[in-house]
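Start from chain A and add chain B according to the hints.
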Amino acid sequence: MNTNADTQDFKARAADYGQRYGILIALVLVCAALALANEFFLTQRNIINVLRQASINGILAIGMTFVILTRGIDLSVGSVVALAGVVSASLATTSATAGVAGAPYAFYIALSLGILVGMVAGWVNGVLVAYFNVPSFVTTLGMLSAARGLTLLYTGGRPVPSLTDEYRYIGTGDLFGIPMPIVLFAAVFVVALVVLTSTRFGRHVYAAGGNPHAARVSGINVKRVRMAVYIISGALAGLAGMILAARTGSALPQAGIAYELDAIAAVVIGGTSLSGGVGRVTGTLIGALLISVVNNGLDLMGVESYYQQVIKGMLIVAAVMLDQARHKHA
Amino acid sequence: MSDRTTDATAQAAPKQGLNLLHLLLEGRAFFALIAIIAIFSFLSPNYLTASNALTMTSQVAIFGLLAIGMLLVILSGGIDLSVGSTLALCGVFAGWLMQGVELQSLGVILYLPVWAVVVCALAMGAFVGAVNGILVAFLKVPAFVATLGTLYMARGAALLMTNGLTFNRLSGDPSLGNTGFEWLGFNRLWGVPISIFVLAATALAAHLLLTRAPFGRWLYSTGGNARAAELSGVPVRSVQVWVYVLSGICAAIAGLVLSSQLTSAGPTAGTTYELTAIAAVVVGGASLMGGRGTIRGTLLGAFVIVYLGAGLVIIGVSSYWQTVFTGAVIVLAVMLNSIQYGGKGFKL
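Protein sequence lines correspond, in order, to chains A and B.
Position one of the first sequence corresponds to residue 43 (this note's numbering), numbered consecutively onward.
Position one of the second sequence corresponds to residue 2 (this note's numbering), numbered consecutively onward.
Read the hints as simulated data drawn from the structure, not as lab findings.
Where hints are given, some of them may not hold.
From the derived model, a few chain B residues whose C-beta atoms are all more than 10 angstroms from chain A [unchecked claim]:
#1 36
#2 149
#3 201
#4 213
#5 335
Per the computed footprint, the stretches of chain B lying under chain A, defined by three or more beta-carbons under 8 angstroms from a beta-carbon of chain A, are [as the list claims (entries may be wrong)]:
#6 131-144
#7 267-281
#8 323-334
Think of the CB as a built atom: it goes at the ideal place given N, C-alpha and C, for glycine as much as any other residue.
Chain A extracted, bound-state conformation:
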């Protein structure tokens, strides 16, 4: 790294710190306002509820952070949620018609297969983006359509019901009194934080996104890094899909529609730049919590779900506009 890159890095980091605390303050303010407006908001049950709702989107958003850090985007996560959900559920169902031959299998087989399905979808995205130079939004838009179609084909459009209790544990069980989705979300967050901040791969992700040419010249295999981030995003989408299926007790082929939007919103609100190379997984965590708190607040105030869709669309556009404005300053 030369000094110029160092100054740029410093500037980017300074802007990033501002954003990080800005978003934290926003979260605290929204929480305070909701606590004043509604006495139910700060109850233990509601807080657990907010965290549980944040966990699925949060897991997707962490995968999305990896992809966006390399200047990519993954629009297919919502469909991969459904595909991995139905495939793994079909191994863990006691229903005779919806399951594959020999079901129910042990929960760890079903769970591994779900992650594998997500990784395969991510691998296809990654190969097309990294090695065939197809723009990431086209590739993953294609995968959005293809994975949804495969989900419908696999299930015939019907849900996969009656999942075994062991399988449902990851959605409905708890560990030391904390619901499993929150535990898994926390675990994914910690691993992602360590990977991005303290491993060689993490530095390569930032380098490949910040300046792909420079990264290539310094001997980083940029193509492999780009492929890896889509596999990570796919695997996490698989995990999220199984948690969702386990929570509801059946895997729906329509699950996860529009989840990509929430995940992108969480990443962008969390201060990760769509131009790549700048961002933190901690920001994504706060972004996911903020979205969940806002949704919860709208629910508590009885706002129609159609309005929530409109508000969400505005939220993401506003977050990206902030991102652009920040870039002008940096």
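Chain B in isolation, oriented as in the chain A frame:
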């Protein structure tokens, strides 16, 4: 950069620069269409009947209209993911106006004549497009994020407007003087559905706009190299806003045709239509980097997609496969285009 400018000029005036590459590229979509028609007429006797061809072509009208708008946006180097939602919003808006607007302060119910309903729906499409255009051109939001945002906003607005229900009284009432909404989707001129004429007229207008008007030259140069275009005095930002406005208007026309064909306007109409429109444009040989593509190619692309889809339905392939195959076709077509153009690849 210079070769790209040459190519853009070649497309603006095809007679001058009939290079082999371009011919081959246009030929690919054309030969695919011939092959599709040949194979499916062999597999099913019902495929190539006059009535089925007309039915399929009136379906092409919907996607063709969306694809023409999409082509303009893609030529500028952008993308418009909101066309499906805009289609639904404009259809629902037209349906809402047809039901009569109750003006509570005046205590009357206002029934607009059909032409006014059409104008209002087109204005709604233009408005959604203008929002996209301003976000992209002036606020510098990446096109796919801005239009993904409006995708959800327009869908939400359509759902709110109908409370999730469908308007199905679109035929109007002779005593109120607002009949004739079905004309667009149902009537035929010389045995051909009106919607096909609408597509032909829109395509011709867009073709003339691209090849004969200054706007077309500006658009190709904006997409080819925005910086160079700006320095040469092309009003790049207003070109960018206008392509989204035109795309919104095309989506509104498609929405009117669709709700007229169905004689009902539902808020969930047009879901994932943006995928089909993008597929038609890229199958038609347009480059997603901008600056390359023609109306002819896009129309061919729309025919290829719809005729293939309809053929699969006729021989009894599950419609779920179509979702899979639309995704695959988009990615495949983009890869083939990038090979044909010999580019070093894309950047987001």
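Hints and how they fare:
1. The non-interface label for residue 36 of chain B is consistent with chain A: the shortest C-beta to C-beta separation is roughly 22 angstroms, beyond 10 angstroms.
2. With a cut of 10 angstroms on Cβ distances, residue 149 of chain B falls inside the contact zone with chain A, its closest approach being about 6 angstroms.
3. No Cβ of chain A comes within 10 angstroms of the Cβ of residue 201 of chain B; the nearest lies about 29 angstroms off, and the non-interface call holds.
4. In this structure residue 213 of chain B is separated from chain A by more than 10 angstroms, as the shortest Cβ-Cβ distance comes to about 31 angstroms.
5. Residue-level check failed: residue 335 of chain B sits 5 angstroms from the nearest beta carbon of chain A, not beyond 10 angstroms.
6. Note: the segment 131-144 of chain B has 5 residues with beta-carbon separation from chain A under 8 angstroms; the three-residue rule is met and the coverage holds.
7. Counting residues of the segment 267-281 of chain B whose C-beta lies closer than 8 angstroms to any C-beta of chain A gives 3; at least three are required, and the coverage claim holds.
8. Residues of the segment 323-334 of chain B lying with their CB closer than 8 angstroms to a CB of chain A number 9, which satisfies the three-residue condition for coverage.
In summary, the numbered hints that this structure violates are 2, 5.
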